[in-house]
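Taken in sequence, the protein lines are chains L and Z.
Residues in the first sequence are numbered from 77 upward in steps of one, following this note's numbering.
Residues in the second sequence are numbered from 77 upward in steps of one, following this note's numbering.
To be clear, the hints were calculated from the coordinates, so they are not data collected in a lab.
Mixed in with the good hints there might be a few duds.
Identical copies carry no separate label here, and so any pair may be met within one copy or between two of them.
To be verified - Straight-line distance between alpha carbons at most 35 Å, and here's what the computed DSBU-like set of lysine-lysine pairs gives: (1) Lys311 x Lys244; (2) Lys133 x Lys181; (3) Lys133 x Lys319; (4) Lys213 x Lys125; (5) Lys193 x Lys239; (6) Lys213 x Lys311; (7) Lys244 x Lys133; (8) Lys133 x Lys233; (9) Lys125 x Lys319; (10) Lys244 x Lys183; (11) Lys125 x Lys183; (12) Lys183 x Lys133; (13) Lys133 x Lys232; (14) Lys133 x Lys311; (15) Lys205 x Lys133; (16) Lys311 x Lys125; (17) Lys239 x Lys319; (18) Lys319 x Lys213; (19) Lys239 x Lys205; (20) Lys133 x Lys193; (21) Lys133 x Lys239; (22) Lys193 x Lys125.
Predicted, not measured: the structure shown is a model, and the values here were computed from it.
Letter by letter, the chains look like this.
2 protein chains.
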Amino acid sequence: MPPRTNHSDLVVTLVALAILFTSLIPTSALAEAPTSSTALPSWNDGPAKQAITDFVKSTTDPSSPNFVPPEARIATFDQDGTLWVEHPIYSQVVYCLDRVPAVVKAKPELANVEPFKTVLSGDRGAIAKLSTPDLEKILFATLTGMTVGTFEAEAKKWTDEAKDGRWKRPYTELTYQPMQEVLSYLRANGFKTYIVTGGGQDFVRVYSERVYGIPPEQVVGTAGGTTYSYDTEGKPILTKDPKLLLNDNDAGKPEGIHLMIGRRPYASFGNSSGDQQMLEYTGAGEGARLSMLVLHDDATRE
Amino acid sequence: MPPRTNHSDLVVTLVALAILFTSLIPTSALAEAPTSSTALPSWNDGPAKQAITDFVKSTTDPSSPNFVPPEARIATFDQDGTLWVEHPIYSQVVYCLDRVPAVVKAKPELANVEPFKTVLSGDRGAIAKLSTPDLEKILFATLTGMTVGTFEAEAKKWTDEAKDGRWKRPYTELTYQPMQEVLSYLRANGFKTYIVTGGGQDFVRVYSERVYGIPPEQVVGTAGGTTYSYDTEGKPILTKDPKLLLNDNDAGKPEGIHLMIGRRPYASFGNSSGDQQMLEYTGAGEGARLSMLVLHDDATRE
């Protein structure tokens, strides 16, 4: 690991953030966060909360040496494990597994081919042991080959209906209330909030506005190419290709931020080693920057 | 060419748009466009202007069947020949040619290698005859290999100082007043305006906010990859790679729009065959859509 940069005025990396109330509530119940001392109500008073409110004061007060003009206020958030649950497996992987029967129905010859055969068996133990190359086969088969419109409709239907096995609630309700408060608090202070996720960009865009108040164009994720062509009626279509353009993990996060946003964030939030480079890149900028590692998805607090 | 789709309520493709006053004025002199009948003051009354104002009324009136919620109001604009001049050669190509001496200074062995030798000769006739592969060599040599920060500084310096040979004014002042008015008018009506250019994404982002009021994250352009690493002091850097991720021309425009924005535009403006697919893709959406081909860069009106 390279030496950690520390020339910024405010780079705070906090591990095991002390959040007591990681209650999971529907986002529709969230009101706009206030800008005053009542911000972040579900956070304990402590260094983590203080770091966030200090950062916001420092970057939004016009008399502050660290003042950031509104148009440059960019904040990026990892999703899985940072904004919503990631255990026992990524929600998008559940989506892909759930799609396998439909894929096999369209291509019956796959029924006796691995890894599809294992997925169809319903044997959870065997499914959990699938190798990475096998999982990639499932991802390509369920996330590519269809038009962009067809994919959006399928993914929307799933996110509307599917429920997490533990909580018996839609995945889109399993977001972390304290982080929803951070999103709202930063937006109320002029920050443009982005998701920067290792998950599929097209997948997360389906629900990002409804669940996080983040529009599709502010979702950066692992992205494949598309091909523009015409359907049999001459109507333009975009088809999702099994070709990876951006692997938005690790070093791919700052690379993706440059590609899709073109500015270095002033604040970044992540929860795992896959976010390290994004947090470093954010922290290495001039002036006040906030790089936060939030660990709140342990079994006890979930 | 595939059959033109025509199921939208309002798809207007106007060739040879009747604009009398394509005066070139500094954008700093532009005020926010009004939303009323005083919109688009430098446009002649006629079908082109009418199509734009009808489209805006139809999509922003809550009682209209074609009402579009504010968050979905996306409008995309080609740049070269649509928003600013493109003759006799693209401004970015001038930038690349102007950078050649600095590249050769850093790598003296290139002085006697083509196409660099021809560029250094200053022989305009010979430079104008360079082949596409030769031009690509110049583009890769001048647009890649440096950090993102170094490139931004070099491009900013050039756009601040370089002047067009015909008008003796900075390139960034050679924008089309009628199109600046369209940008302002759409923004005043809740549209998010994007540049979707065959030009380099990183290049256009350097001046887009100052020149068009369009922030860097709303510029989609031809884009190369970057590599995240650390400099000798351990500071994170992003280096521009000679690897093409998105060729944002022709079919690449709707593909780029999907990658970078993730929503189909409601309005698109272009001026050449390289914009055809973007205009088709926009026009093929549901409800009211505006696809406009503007031809205003002929010698007489420039």
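Violations among the numbered hints, reported as their numbers in ascending order: 1, 2, 3, 4, 7, 9, 11, 12, 15, 20, 21 and 22
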